[in-house]
Amino acid sequence: MGKYILRRLLMMFWVVLGISFIIFTIMNLTPGNPAQLILGQSATPEQIAKLEHELGLDSPFFVRYFNFIKDALKGDFGKSYQTRLPVVKEIIVRFPTTFKLSSISMLIAMTIGIPIGVISAIRQYSFVDAASMIAALLFASIPSFVLGLILMLVFSLNLKWFPATGISSWKSYVLPAITLSTFTMATLVRMTRSTMLEVLRQDFIRTSRAKGATEKSVILRHSLRNALLPIVTVIGVDFGYLLGGTVVIESVFAISGMGTLLINAIRMKDTPTVMATVIFVTLAYSFVNLLVDIAYAFIDPRIKSQYKG
Amino acid sequence: MKSKEKSTKNFKKYISFILIAAIAVMSLSGCGSSTGSTNDSDTENRTDLIYGIASEPNSLDPMTFAMMSSFTVTYALYDTLFELQDDGSYKPCLAEGYEVSEDGLEYTFPIRQGVKFHDGSELTAKDVVFSINRTIEKGWAADMTAAIDTVSLADENTVKITLSRPFGGMIGSLASPFFSIMSENYVTTKGDDAIKREPMGTGPYKMKEWIAGDHITLLANEEYFEGAPPIKTITIKPIVDKNTGLIAIENKEIDVYLNINNSDIETVKNNEELAFYSADQAAVLSLNMNIESKPLDDVKVRKAINYAINRDNIIAGALEGYGTFAKSAIPPVCDGYSDDAPVYEHDVEKAKQLLAEAGYTNLSLTMKIKEDAKIQKVAQIVQADLKEAGIYVTIEVMEAGAYNTDIYANGNFQITIGSWSAMFLDAYSVVYSQFHKDCYGPTGNITHVVAEDLSELLDKAAQASEEEKVEAYKAVIQNIYDNAYQVPLVVEQTNITTNAALKGVVPNPLGVYMLKRFSW
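If you read the protein sequences in the order shown, they are chains E and S. Residue numbering for the first sequence follows my numbering, beginning at 1389 and increasing consecutively. Residue numbering for the second sequence follows my numbering, beginning at 11 and increasing consecutively.
No wet-lab data here; the hints were simulated from the structure. Among the hints, a few may not be true.
[To be verified] In silico lysine-lysine, BS3-like type, Cα no more than 25 Å apart, as pairs:
1. E/Lys1548 x S/Lys279
2. S/Lys218 x E/Lys1548
3. S/Lys262 x E/Lys1438
4. E/Lys1467 x S/Lys447
5. E/Lys1559 x S/Lys262
6. E/Lys1477 x S/Lys218
7. E/Lys1692 x E/Lys1391
8. S/Lys262 x E/Lys1467
9. E/Lys1438 x S/Lys206
10. S/Lys252 x E/Lys1438
This structure is a prediction, so every number in the text was calculated from the model and none was measured.
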């Protein structure tokens, strides 16, 4: 198991390196000159050239990439073109907010999504099943900024239960977390339902019923545990979606997190900030997926045996 | 019934696990301190203000970044020699007045005595000389500093600015944020990068903290030379999404928000708890043509485009009625504007005729525009208007960075729609950069006009005294009209929404506010 984790961590390094190269190349190829963007429309060519030199933009592509990687390995991601502050400092301030928001959303999605999926499966074609499938379809389709604004109108403006903007207390997390969770929740409901249905039709379920196990035990112990594998996979993959999905949510709810940082950085072609932000999110995502893979072992002993060696 | 018991137990286990997990996450998020919003607080006793801005300033060095939203903040931290009043006149601020020589080439300013910087040191005339030189050296306000030859000390308390040519906009320039007065000692010891994040001036407010991406907090300067400002704490909070900004101000989470969408104006006006103010912008939204690109080098084609566009459609279709017909490149709020300007009235037949004279029947043009919902709407309306006259326009929407590179740096475009904002309320600030041959390309003249006669007229207007200014700019506008260098479209409105109890708000054409004038 330890060996497996080590191998995965090593793989993660190559993934991050690959991603860093792709992002660096994209940032380099997209039109727009960071110096021009910082200096504004009315900058003279001399000012632009001077700033390009200050930012090190006048050296060749591979030299810049190599320097970036060299410094990044030492933990120095450079200074933002925009604010001239160390990028890592800006990320450390914001990452907890985004991570908390994503985690809370995932928790909401799981606590609501999985039970509903299970109930829909055991009561297939019932009213509950139909209603939850329609709701799931609706929540999967509604754009998050629309839902965010609706929730704000109802719960902030009319009912005054939660604040609409910023992060000041736990109340501030409620609306954005719910907004962010709906898509994952809908996916989980549908995923749980379909895998549960599949498992419920299998022979061993009939056997366990025949041996006299209670219905609850058949559902929770025998079926759900077997159905959990694909569900956990979805959770891992969707966590990445949540980390990225905060981009829209943060701007709608005026929250200062990784999303707003990334979007501003992309607009201003602030390569150091974009690089560091993407690498941070990649690392967070990879770690969560590693945890998911380790969780497989505990859910399914058959997989645990594969990890050995 | 034992089995049922067991299953409820299992269920309870499940629920308790969820609850524990939830509590764990909540405690991570540091809940408990529920400061919440400022709902229902008694405005009469309030001494704080939450000011919502559309984008976070990326620097608070007023000399190196021309972002309008940051100027409201820098005006609170720094003072200038003169101050623009709400009626459009200029009042001495850090200067005690000024004298100008007969030939208009020498300005002398006695500097106010006993003014202290936030760090306790005293303002001297040397700091003023240093600051103005820094403005010139940074080069951001090149159009305002171009006429300045030298800045020096006339005596211990008096600063002298010598000009190389008369410049009618000198006092107006000195009131702009670019000419904020800094402490020489502070800037030289701290360095340029620190000035961006830790500004220190003589202004009515001091910087308390700047939490990147979240807020900036300003505290009243109790020793301000005009007396401490009435509002003691100001929080500047960026809210990018305009719909969110509207909800936040309706919900009293913020007290001020600028430039809500035109479609929301009615809602705000009907809300008794909010006050709404609007003013004409100090900018003209216009259609700009690159006259170096064929067929726009032909004045007949440019005239045809002028005739083909119906501004009323733009006001009704893209601005929801909140805008006015632009008669010239000069915004009406600017010094030097004249209502008596020649205009190409909408006339499709004339447009077609001019095109035919120029030898075109079906003309295709490409319009590059910035990614912006409003500009996109305007572009589509213009596209439809031009189509009626037989000019077929392809719209290419570009991301801001790429747009600026193409339009300003490389001049690689045919037509575009955009506006040039005044930096201070003088016609000079709008037309000089856009049409003078010295400002070719990146510095503003994207039309690529190199005509000597227009440049001479612009120079003359820049040097004109207050009395001659209107006439001088009339000649400029006539020349632009005759050559159809540009299609002035509309003057948009800028608006500010505040808590109805907030006093001292006068809508500003530049969207820049003096926070010291606000009170509850």
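Going down the list of hints, with the structure as the test:
no., hint, in the structure
1, E/Lys1548 x S/Lys279, "21 Å, holds"
2, S/Lys218 x E/Lys1548, "30 Å, violated"
3, S/Lys262 x E/Lys1438, "45 Å, violated"
4, E/Lys1467 x S/Lys447, "37 Å, violated"
5, E/Lys1559 x S/Lys262, "16 Å, holds"
6, E/Lys1477 x S/Lys218, "19 Å, holds"
7, E/Lys1692 x E/Lys1391, "13 Å, holds"
8, S/Lys262 x E/Lys1467, "36 Å, violated"
9, E/Lys1438 x S/Lys206, "18 Å, holds"
10, S/Lys252 x E/Lys1438, "36 Å, violated"
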